[in-house]
Amino acid sequence: MKQNSRRRTLNLNRRAFIKSAAVLGSGLVLGFRLPMALAAKSQDVRNPHGFIRIAPDETIQLLLPSVEMGQGSNTSLPMIIMEELGGDWSRIKVEPAPVADIYKNPWIHVQMTVGSFSVRGWYDELRKVGAAAREMLVQAAAGEWDVSPDECTVNHGVITHNPSGRSTSFGKVAGRAADLPVPQDPPLKSAADFQLIGKPVARTDTPLKVDGSARYGIDTIVPDMLYAAVRACPTFGGTLKSHDDSAARAMPGFRATVPLHNGVAVVATSWWRAKKALEKVKTEFDRGKVAGLDNDKVSTSLRSGFDADGFAVARNDGDAKAALASAERVVEAVYEVPYLAHTCMEPMNCTADVRADHCEVWVSTQAPGPSKEAAARAAGLPSDKVTLHSEFLGGGFGRRGEVDFVEQAVAVSKAVGRPVKLLWSREEDVQHDFYRPAAAIRFRGGIDKDGRVTALDARVVTASAPGFHRPGPPAYTEGIYNTAYTIPNYYVTGLNRDLGIPFGFWRAVNYSHNPYMMEGFIDELAHTLQQDPYHFRRSLLQGDKGRRHLGALDLAAHKAGWDKPLPAGHYRGIAATQAYGSWIANVVEISVKDNAITLHRVVCAIDCGVAVNPDTINAQLEGGMVYGLTAALRGIIHIDNGAVVESNFNDYPVLMLNEMPDVETYVVPSGEHPGGVGEPGTAPIAPALANAVFAATGKRIRTLPLNSHGFSYGAGRKQA
Amino acid sequence: MIELTVNGRKHSLDVEDDTPLLWVLRDELHLTGTKFGCGISLCGACTVHLDGKPVRTCTLPVSAVQGKAVTTIEGLSKDRSHPVQQAWIAEEVPQCGYCQSGMIMAVAALLQDNPAPSDADIDSAVTNICRCGTYNRIRRAVHRAAGKGQA
Chain E
0 MKQNSRRRTL
10 NLNRRAFIKS
20 AAVLGSGLVL
30 GFRLPMALAA
40 KSQDVRNPHG
50 FIRIAPDETI
60 QLLLPSVEMG
70 QGSNTSLPMI
80 IMEELGGDWS
90 RIKVEPAPVA
100 DIYKNPWIHV
110 QMTVGSFSVR
120 GWYDELRKVG
130 AAAREMLVQA
140 AAGEWDVSPD
150 ECTVNHGVIT
160 HNPSGRSTSF
170 GKVAGRAADL
180 PVPQDPPLKS
190 AADFQLIGKP
200 VARTDTPLKV
210 DGSARYGIDT
220 IVPDMLYAAV
230 RACPTFGGTL
240 KSHDDSAARA
250 MPGFRATVPL
260 HNGVAVVATS
270 WWRAKKALEK
280 VKTEFDRGKV
290 AGLDNDKVST
300 SLRSGFDADG
310 FAVARNDGDA
320 KAALASAERV
330 VEAVYEVPYL
340 AHTCMEPMNC
350 TADVRADHCE
360 VWVSTQAPGP
370 SKEAAARAAG
380 LPSDKVTLHS
390 EFLGGGFGRR
400 GEVDFVEQAV
410 AVSKAVGRPV
420 KLLWSREEDV
430 QHDFYRPAAA
440 IRFRGGIDKD
450 GRVTALDARV
460 VTASAPGFHR
470 PGPPAYTEGI
480 YNTAYTIPNY
490 YVTGLNRDLG
500 IPFGFWRAVN
510 YSHNPYMMEG
520 FIDELAHTLQ
530 QDPYHFRRSL
540 LQGDKGRRHL
550 GALDLAAHKA
560 GWDKPLPAGH
570 YRGIAATQAY
580 GSWIANVVEI
590 SVKDNAITLH
600 RVVCAIDCGV
610 AVNPDTINAQ
620 LEGGMVYGLT
630 AALRGIIHID
640 NGAVVESNFN
650 DYPVLMLNEM
660 PDVETYVVPS
670 GEHPGGVGEP
680 GTAPIAPALA
690 NAVFAATGKR
700 IRTLPLNSHG
710 FSYGAGRKQA
Chain V
0 MIELTVNGRK
10 HSLDVEDDTP
20 LLWVLRDELH
30 LTGTKFGCGI
40 SLCGACTVHL
50 DGKPVRTCTL
60 PVSAVQGKAV
70 TTIEGLSKDR
80 SHPVQQAWIA
90 EEVPQCGYCQ
100 SGMIMAVAAL
110 LQDNPAPSDA
120 DIDSAVTNIC
130 RCGTYNRIRR
140 AVHRAAGKGQ
150 A
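Those protein sequences? They're chains E and V, same order as listed.
Read in order, the letters of the first sequence are residues 0 to 719 in numbering that gives the first Met the number 0.
Read in order, the letters of the second sequence are residues 0 to 150 in numbering that gives the first Met the number 0.
Isolated chain V (complex conformation):
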């Protein structure tokens, strides 16, 4: 049995130790906001927070998460009120939207560490892939979120 806390709720799960956290979230807990994109930790669609830090979950064995606190996009806020979500809405960032859960989680973690990131900071922190080409709106939304309630 694996014990982990997801969005404040404790779970005991009967899964193989090597199961990536992504598939535990999606297939066992039915938290489908976290997405599968590449399976090799490259695209970042599967990003969640582990004890507040951004992690890519498609290659992270659930055994490594034992006893830790996981926050997914569903747990970021109850009502889309997180400054990053608000900035995403204000800038109309998403197109297909599939990568955006991971983007938002990556950016929320960035702003926690660095409330006023420069473009260079954003470049190095946001290494998720978007095929729709929303990158410039993402950059604008990060700056917008940084300007709100983070100072």
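If we strip away everything but chain E, and leave its shape as in the complex, we get:
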């Protein structure tokens, strides 16, 4: 992991700081830009790009390269900058950055907020940005006083020359600072001096989210705007054959029908009118090549993949085949998970205003960069003619990494020549998602005569496609090939089967299902060996490779009181994994009566390296757990005749407040580079719960959701 983060960390020496001084209404401001790629434009003082702008009124405006979807980056990224800058936290104003190369995440080289990459991807770079700005401000002040910068200190935006007691402020010297050369390698604070990082800091977006003033994409209002509702072909891959809107034309507020390649949009003077008119449009579709697909066929296709050719090898230590052949005992198990929808609370939407020579887009998106490109393509304009406004996201979870709804809005606005707010119904959202792919794994574990695990052979088959994943070991084997378990003969292979159902990133992605299967199988090995599941796992975690996994596992087990007796009828389950540069463990405590599961307690521990904002981490672990718990208990998307059966929260139910268990979260103290926290929380809950169900009932749950095995659920909160 360490090596991984080193490799991706940018070297500031190789990337010149570029500064610009700009006049922006309130006066001189200080801005920074990092990459060499923009050096040629550095003389353009009007260029508003940068991360920090300090105005004479002491306002510190921070342009944030990640979007805020609830994960807290509108607070944690400012904390990283401000820690080094030393400014007055109460003076910051945050806003989403526009689309530009400098805002591409340094670890993934794209302007997207995905993969729990915000803090870990920006940590080094934003510290340097803040430190460089502080150094320039101090130099400016020292220059004014004709003293050495070394004699000056910074505290909450006030620069003090200690020997003389003179002081000034950031705003007063910002203009002068903007003329100074940008330090190439500013010294960074030592962790012991951190004043913000590691402290719970109140979120910058909370006030806006308690009075209705936070603006999401769906809240966009543009003068002269029309509204669009959409119906896509229910069957994936289907196309629009014909449509008849004669009845719709008589509906109030109707303005236009816009045929799309796979559906139809109706434009009207309000969204409700558009929706009502759309109901009157008759459509005929070519249903496409997956029209016969259903869940049984998905399952059969995945499982038949176990013996197919063409596997990619993700890991091959020793000789698993030989070790299995000579094993005293071989344990075999097949696990499988279904497709899942995201159901962000804010249904998909985008507002577009396409003119002959320009296109403006307002959207809640995790992918500002790709969305801008998609808008340009749909508008038939070069991308420099597109302006994209990022709004707050009413949930992302990976769904808003896609650009399909952006393309639709741009196409419809272009067709009608007016600004259009295009909004999906919840039914469209559930039935036209990019689903968490269905997946299956066949495990074989070999145990020798001394009771040691000598071999693991895991074959992963997912309903995705190679293009979904980056190069290297197939990402769909994450959580299997890269565990910290010491098993001498370790063989992991994987295969994609693209079944024609759209698939995409779903919170924790491959870690949303692989740890469930892996940790279930590890539990099966422990059971076969009649060993305690926690202590068995410990025995497989050896040396430095297992250190952080063990740290999270031990902390969760300790806090849960693993070795202490339980109330009668209570049982525990445990699971741990790495995910997104962090290590995370869950211990759950349940009871089961008449197949009704009561979840009394969830204990979660994480080693996420430097914990930037502990309160956000707590919230993300709890929230990630809820997302995974919903999926484990009842999450399933059924495919029938190539279309999705579920349509709304009535038939795709999610966890409610009265079902919420008590959750405790703990963070392993760590000085390692920050890891992700938005997604890891989703990973270990399903296996911990399924393992607890096994402990309670003897039933090994190898497919999800739990309710398909006849289990119902209730929370176990102590009633006040």
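Some hints here could point you the wrong way.
Each pair of labels, with its calculated beta carbon distance range [unchecked claim]:
1) E:Asn649 <-> V:Lys77: 35 to 41 Å
2) E:Glu143 <-> V:Gly7: 35 to 41 Å
3) E:Ser711 <-> V:Pro60: 34 to 40 Å
4) V:Thr4 <-> E:Gly560: 54 to 60 Å
5) V:Ala68 <-> E:Lys296: 51 to 57 Å
6) E:Asn315 <-> V:Ala119: 53 to 59 Å
7) E:Asp192 <-> V:Ala119: 46 to 52 Å
8) V:Arg139 <-> E:Lys698: 33 to 39 Å
By construction, these hints were calculated from the structure, which means they are not laboratory data.
All figures in this text were calculated on a predicted structure; none of them were measured in a lab.
Just so it is clear, CB atoms sit at the ideal spot from N, CA and C, and this is done for glycine as well.
Place chain V on chain E using the hints.
Just chain V, lined up with the frame of chain E:
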């Protein structure tokens, strides 16, 4: 013409009778704090107060609201000073925040009726959906708000 009072202001609106109140608030009056989540009165993102009682507006025809007083999140307080808003800030409840207008309106109505709700009362009154998983913080915030200025 439909007459209704929203946050103390009277409006005469030329909309179809069957238009859900939600879309009148959002698309006609541009009060966008009230959210669309499901369209079938399940998720509660569209909750407002109608004559002081919580209602889900995505299926409530505006004709049924004729002459009544509607309070939306924008009208709950002028300055985030309502005890529920204050408790939401103190407990750092919101994540994405999209469901929170509806949550806050549901809880404000609950506390009006029941100034010191038990966990069971909260369970049965707050049936809104949050996908970010803020439920435990919501519960804490309800208890906090109940302890302040409601006794």
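Quick rundown of the hints versus the structure:
Here the CB-CB span from Asn649 (chain E) to Lys77 (chain V) is close to 37 Å, well matched to the stated 35 to 41 Å. Between Glu143 (chain E) and Gly7 (chain V) the CB atoms are about 53 Å apart, so this pair departs from the stated range of 35 to 41 Å. Against the hinted window of 34 to 40 Å, the Cβ-Cβ separation of Ser711 (chain E) and Pro60 (chain V) comes to about 36 Å, which satisfies the hint. As the Cβ distance of Thr4 (chain V) to Gly560 (chain E) is approximately 56 Å, the hint placing it in 54 to 60 Å holds.
In this structure, Ala68 (chain V) and Lys296 (chain E) meet the distance hint of 51 to 57 Å, their C-beta atoms being roughly 55 Å apart. Separated by about 55 Å at the C-beta atoms, Asn315 (chain E) and Ala119 (chain V) satisfy the suggested range of 53 to 59 Å. Under the hint 46 to 52 Å, the C-beta atoms of Asp192 (chain E) and Ala119 (chain V), about 48 Å apart, fit the expected range. For Arg139 (chain V) paired with Lys698 (chain E), a C-beta distance near 35 Å keeps the hint of 33 to 39 Å intact.
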